Structures are given as structure tokens and as C-alpha cells.
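**Student:** Protein chains in written order, with this note's numbering: chain A, 412 to 741; chain B, 792 to 1134.
Hints may contain errors.
Claimed, not checked - Capping the alpha-carbon separation at 16 Å, the derived lysine to aspartate or glutamate pairs in EDC-like fashion look like this:
#  : chain 1 : residue 1 : chain 2 : residue 2
1  : A       : K679      : B       : E1007
2  : B       : K919      : B       : D887
3  : B       : K1055     : B       : E1129
4  : B       : K899      : B       : E924
5  : A       : K615      : A       : D633
6  : B       : K832      : B       : E856
7  : B       : K919      : B       : E882
8  : B       : K1070     : A       : E651
9  : A       : K535      : A       : E555
10 : B       : K900      : B       : E882
11 : B       : K1080     : A       : E605
12 : B       : K1070     : A       : D655
13 : B       : K1055     : B       : E939
14 : B       : K1070     : A       : D633
15 : B       : K899      : B       : D980
Everything labelled a hint here was simulated from the structure, so no lab data went into it. None of these values were measured; they are calculated from a predicted model.
Listed below, chain by chain, are the residues.
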Amino acid sequence: MSLLSVRDLTVKFAMRDGNVTALNQVSFDLARGERLGIVGESGAGKSITGFSLMNLLSSPGYIADGTIQFQGQDIVNLPDAKMRNIRGNRMAMIFQDPMVTLNPVLTIGQQMVETLKAHRRLSKAEAEQIAIMKLRQVYIPSPEERLMQYPHELSGGMRQRIVIAIVLLLDPELIIADEPTTALDVTIQADIMELLLELCQSAKVGLILITHDLGVVSQMTDRTLVMYAGRIIEAGSTREIINDPQHPYTQGLINALPQQTAPGQRLKQIPGSMPSLTAVPKGCPFEPRCAFATDVCRSTPPEIVRHAHVEVACHEVNRLHAPQQEGQSA
Amino acid sequence: MTMSANETPLLELRKLEKRFELDQGFLETLKFRGGKFVREKRDVHAVNGVSLQVTRGEALCVVGESGCGKSTVARLIAGLLTPSSGEIHYEGTRIDDKSRHDLLPMRKKMQMIFQNPYASLNPRMTIKQALEEPVRYHNRALSRGDVEAKVADVMQSVGVDPSWMGRYPHEFSGGQRQRIAIARALTVDPEFIIADEPISALDVSIQAQVLNLMLEAKEQRGLTYLFITHDLSVVQHFGTRVAVLYLGSVCELSDTATLFENPKHPYTKALLSAVPQLKDDKPSHIRLKGEIPTPINLPQGCPFQSRCAHANARCMSETPRPLTQPDGSMVACHGVEEDRLLS
Chain A
412 MSLLSVRDLT VKFAMRDGNV TALNQVSFDL ARGERLGIVG ESGAGKSITG
462 FSLMNLLSSP GYIADGTIQF QGQDIVNLPD AKMRNIRGNR MAMIFQDPMV
512 TLNPVLTIGQ QMVETLKAHR RLSKAEAEQI AIMKLRQVYI PSPEERLMQY
562 PHELSGGMRQ RIVIAIVLLL DPELIIADEP TTALDVTIQA DIMELLLELC
612 QSAKVGLILI THDLGVVSQM TDRTLVMYAG RIIEAGSTRE IINDPQHPYT
662 QGLINALPQQ TAPGQRLKQI PGSMPSLTAV PKGCPFEPRC AFATDVCRST
712 PPEIVRHAHV EVACHEVNRL HAPQQEGQSA
Chain B
792 MTMSANETPL LELRKLEKRF ELDQGFLETL KFRGGKFVRE KRDVHAVNGV
842 SLQVTRGEAL CVVGESGCGK STVARLIAGL LTPSSGEIHY EGTRIDDKSR
892 HDLLPMRKKM QMIFQNPYAS LNPRMTIKQA LEEPVRYHNR ALSRGDVEAK
942 VADVMQSVGV DPSWMGRYPH EFSGGQRQRI AIARALTVDP EFIIADEPIS
992 ALDVSIQAQV LNLMLEAKEQ RGLTYLFITH DLSVVQHFGT RVAVLYLGSV
1042 CELSDTATLF ENPKHPYTKA LLSAVPQLKD DKPSHIRLKG EIPTPINLPQ
1092 GCPFQSRCAH ANARCMSETP RPLTQPDGSM VACHGVEEDR LLS
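Let's have the full structure, built from the sequences with the hints guiding it.
**Tutor:** Structure follows, in C-alpha cells:
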């Protein structure tokens, strides 16, 4: 049984002028100890996926359709009290900005003890012992002193480590990390990523890493989902996707990176920008920006199907990868 | 003035320093020590003796992590801040001590692009108003029609349809807004552009568009750039030379190709190794001890000494001077000077 199984997840936002579909039939599985990357640009639905998994969507957003099974248990319709048992305990989330995650008026120790006592029957002294152990695990120097400190006394990298320590307190089976290092410097990012990787590998924790950085995904994950305008457009092993992307958008995204072009030369840009969710094209969402679009692409949204080593949602994927042939399309 | 070189650099920074006062009010400076009240002022040492030259037609990238002083350098050059000491020369003329009025002709030559296009465009001005304002200000003699033609021309060149002139910034996407911010800088036909993280707030596919636009403008208009960024892959692509900044000091300055092939300063090496690579499966990054010290109490000796694996007694006490290496790069490191970093 997989750790997490998402089927046809559809999330809508009730707006004044009708519903906006933020997630459109998203399906994926995560095995125990597997690391999955979700990449895409802003507005692609990456974070909404994370929030839905934690059952943290708030009005006007709601899950309109689909199921999320966590260890065989459906969590979409779970009562709040039961969900609180899972959230933070068996699955936990790391957000982009640690200063927002941490409570500025509580010490690190208070926040850690609070989290532990919410889920376990422990004395304060026992809880502090666990907290110190976890802080040590994320390489925080002199953890006993840190417990007495407030978040503002620590640097950005240190704060994010504390957040990771809090997430680890209850030994979750799944960690969802939403752009955990975007607010941090490169050298600190490398440290935090190494730490996350090490922790996930040693404790066989499942990881969903939400990011816009293909380099990070490439170094951290086994499998990758590429999202665009609320849909998964390509899914498969990270190596396959990075080395041989199938969807024109994924190809465009990788080719647009400065590393892929000789210095000083024109970058291979993707024209246009992602459609707003209120005006997603009726066919393939990528069609207006796609160089290979045909009439089918303009009229029907593509299904996600197996192609080569990955799954792709593109009508023209066969033509794209067939030896160059000119002529009639569709 | 002793300008020994045959060519005057477009921009020259000489031992530029900027300190910000941390305790500003009288009460903030009062401290109670040993039974007495004493006055004590603390400074943030944002930029500490930066010397750089920018030659015409190049794109000098300044890289470093947050708090290293890269944005402060940009603001000092643009005249948005006044240096605490040191000099800024533009085409051989000292500009940091000039009055606002005397600086006017300079401002036309030098324009700045900021990180966040949402913040750099006035939300209550249409694009037309925002773009026309600098043209009018700097060319009082131009007729209304000329101004409009100029703006339409620049909008066209950055790929924003001139028929959208009457719209407000919120009606554009982030990428378009950054194009408009670039257009605003280009309307006065500058020769030097200071770009402070111009693509960091944009999505990957949009970053490529904006970077291409800046490269095009460089070729077509013969622009010179000072490009501030933390993104090393952008540096490698865009920069002709790179200055690596750490705690307000330049630790390495060299040609882009040389820097990426053969980084010399221990900090540059660590920085390069930390960039997540696309194809490489095994991250092999050099772990640095600790984190950037606060710029309030600068460490003695080399600024990087507290995190450097090669630091010795000399590094603790003596600030390294930038020395020219055989391949033309400048490195401020005792270890490189003494040739003991190979281990």
C-alpha cells in the first residue's frame, strides 16, 4: 500500500463571478520513503496541492472532487478532530518563510513542547529532552540554550532548521516542504537540502518537495510532477524528466535555464506567460505558448498518458519525438 | 588626477565605504555600563572599502549572499545613498560629492532597475504617464508628439504593445511589468544601467524573456551594465566580469569564464559548489562553518576568516589586500597569496 494516494483531486475557489478551478484532476501516488518533487511556476497549483494534502484549504477554496488517501484512510472528508491527529503528527509541512511559521512571541522551547504535548502525553521535562535531541539532529549548536531563545534572535538558516526540528518532533511519515529554501541564500540552501535528504533517507520518511527550482528537484527527488495551470502535465522519474523531457513545456522550462545556452547567447525563452486561472484555454492549457499546437490542442484538453518512460499530457507528443517530418497536422 | 591608463573607465569606485548608524536617537545611544551612563554608537558596516572599475560595454556582475552589501553598492553608485568615505568617479568626474542639481545630467546617463516591478511602478499612474515622466523631465524641449513617439518606440523595443499605454500597472503580469520598468530606464537613452536583482522575482520561463531583453538592449544600444544578483547561473550567462562580495568587501574579481573554471577564493569555491546542478546526481558542496557574521562587529583580519577552513593566525589579524593573479583575476586571500590552499 502506498503512503499517499491522490486521485482526481479537483480544487475550486468560489469567486464572485463563478468558480475558478485551481487544481484539475490531479492524481499521483507516493510510496513510503519516496521523495517526490512538484515543479511549476507561480500559479501552477503546487502550493494548493500541498495545502489540500494537509487539509488546510480555507474558504473560498474547497475540494470539489477526488480522494486523498493517507495510509489507506481517506482524509478529504475526515472530521476536524481526527484530521488534527494526523496533521503535524503523521504528516507535517515546512513553509517558505520560517519567520511566518514560528510564533514570534513564544520561545523555541515553548513552541516545541507545545507541539509535542498536543499529540503525546509527556511531562515538560520529557518533552524538552526530545526537543533537544531533535535540535541536535538538525545540527543546531548548543540546543539547550536555543530553547530559551525567541525566533528573532536566530538567523534565517537557523530558523528553518528549527522548523525542520519541529516537524521531526513527532516522527512523521510524510513531510511536505513548500519552497523550503527559496527565502535562503545558496550556501544555506545547500545545507538545508542536504539535511532534509539525510533525514528522509535515514528514517524512510516520504517527502513532497514543492519548488520552482529544477536544480533542487534534480538533486533531491526520485520522481517529479510538472504542473501547469492546475494540471499535471508530465510525471515520471526525475532523471528521465530532466534528461529527456517529453512535454513541450517541460522542455521549454529546462531549455530556458541559462546553463543550457552558451554564455552571452540568446536564451531559449518560452513566449507569453501562464494563463490566469480565470481564463484557462479550453483545449490544452499550454497551447497559446506552444510551438507545436494544432487544432486538436485548441479544442480538447489532453489526457495524461504513458509515453516513453514518463506520463505526459500532450496531443502532439508522438509527433514531437518522431524523426522530423513535415506536413499535415492532426 | 592621475589616470595612468590610456582609457578612462566608465565608472570607478575608490575605497568606497558605507556605514549605517544603528542607534540614531539620543536615547538609543545611551548605555548603562559599570554604574555610569555612557554614550555609545553602533554602526552597520555595509560596504567596506570596495574598489571597482567598470569599462564601457561590459556587464559587471556583483554576486554575494544577502547582507553582503551588493544592493548598497548599487544605491551608492546611483546616488540614492551617500558614501561614508571613498569616491565614485563617472567618466573621470567625481560624482559622489555633487549636489542634486549638478547630478542631473548624470542621472540621464545612468539608470537603475529594481528587483520588484510591483514596487517600482506607481500604481496610480498609467504606463504612459510613468514612461513619459522621465523623458519630459530630462528633455524639456521635446514636443508632446516627440515624447509620445519616443515612449511608443521604447515600448515596442521591450515587447509591450504601445496600444496598452493607457493601462495601469496592475493590469500587467509580473514579466510585463519588469519589461515596463526596463522601458522606463531606457526612455532617456542611458549608457549605464544598474540592475539590482532584476529577474529574481520572476518565474523561470519569464526570467529568460527578461534576460534576453537586457542582452538585446546591450547590443543594440551599446549599454554598460552593473548587474547585481545572487544567482550564479545568470552571472555565468550574462556577465563579462564578476565581483564576489562578502561582508562588504570584494573577495574575488575576475573574468566570468576564469571565475567559473578556476575559482580561487575559498568563499567563491563554496558559493559555486552550493549551486544545485541539473545533471549532477551527487551534490558535493563545500560546507561552510556557521553563517555570515553580523556587519555590526566586523571580524578582525579577513572578513571570511570565521568560516574559512584554511584560516591561520595571519588571517585572524591582517586584512588581506586584493592581489592580481597570473590569470588576471584579483583575489583578496592570504591563503592564495601564500599558495597554501591546495590541500
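**Student:** Please go over all the hints and tell whether each is borne out by the structure.
**Tutor:** Hints, one by one, checked against the model:
1. A:K679 to B:E1007: OK: K679 of chain A and E1007 of chain B at ~13 Å, within 16 Å.
2. B:K919 to B:D887: Violated: K919 of chain B and D887 of chain B sit about 32 Å apart, past 16 Å.
3. B:K1055 to B:E1129: Roughly 12 Å between the alpha carbons, so the hint for K1055 of chain B and E1129 of chain B holds.
4. B:K899 to B:E924: holds (13 Å)
5. A:K615 to A:D633: holds (13 Å)
6. B:K832 to B:E856: With a Cα-Cα distance of about 26 Å, the restraint between K832 of chain B and E856 of chain B is violated, given a limit of 16 Å.
7. B:K919 to B:E882: Given pair K919 of chain B, E882 of chain B is violated - Cα atoms ~32 Å apart, limit 16 Å.
8. B:K1070 to A:E651: holds (11 Å)
9. A:K535 to A:E555: holds (14 Å)
10. B:K900 to B:E882: At roughly 11 Å apart (the allowed maximum being 16 Å), E882 of chain B and K900 of chain B satisfy the hint.
11. B:K1080 to A:E605: holds (15 Å)
12. B:K1070 to A:D655: holds (11 Å)
13. B:K1055 to B:E939: Measuring from Cα to Cα gives roughly 51 Å; hence the hint is violated.
14. B:K1070 to A:D633: Judged against 16 Å, a Cα distance of about 14 Å means the pair holds.
15. B:K899 to B:D980: Since the Cα atoms of K899 of chain B and D980 of chain B sit roughly 7 Å apart, the hinted pair holds (cutoff 16 Å).
Of the hints listed earlier, those the structure fails to meet are numbers 2, 6, 7, 13, in rising order.
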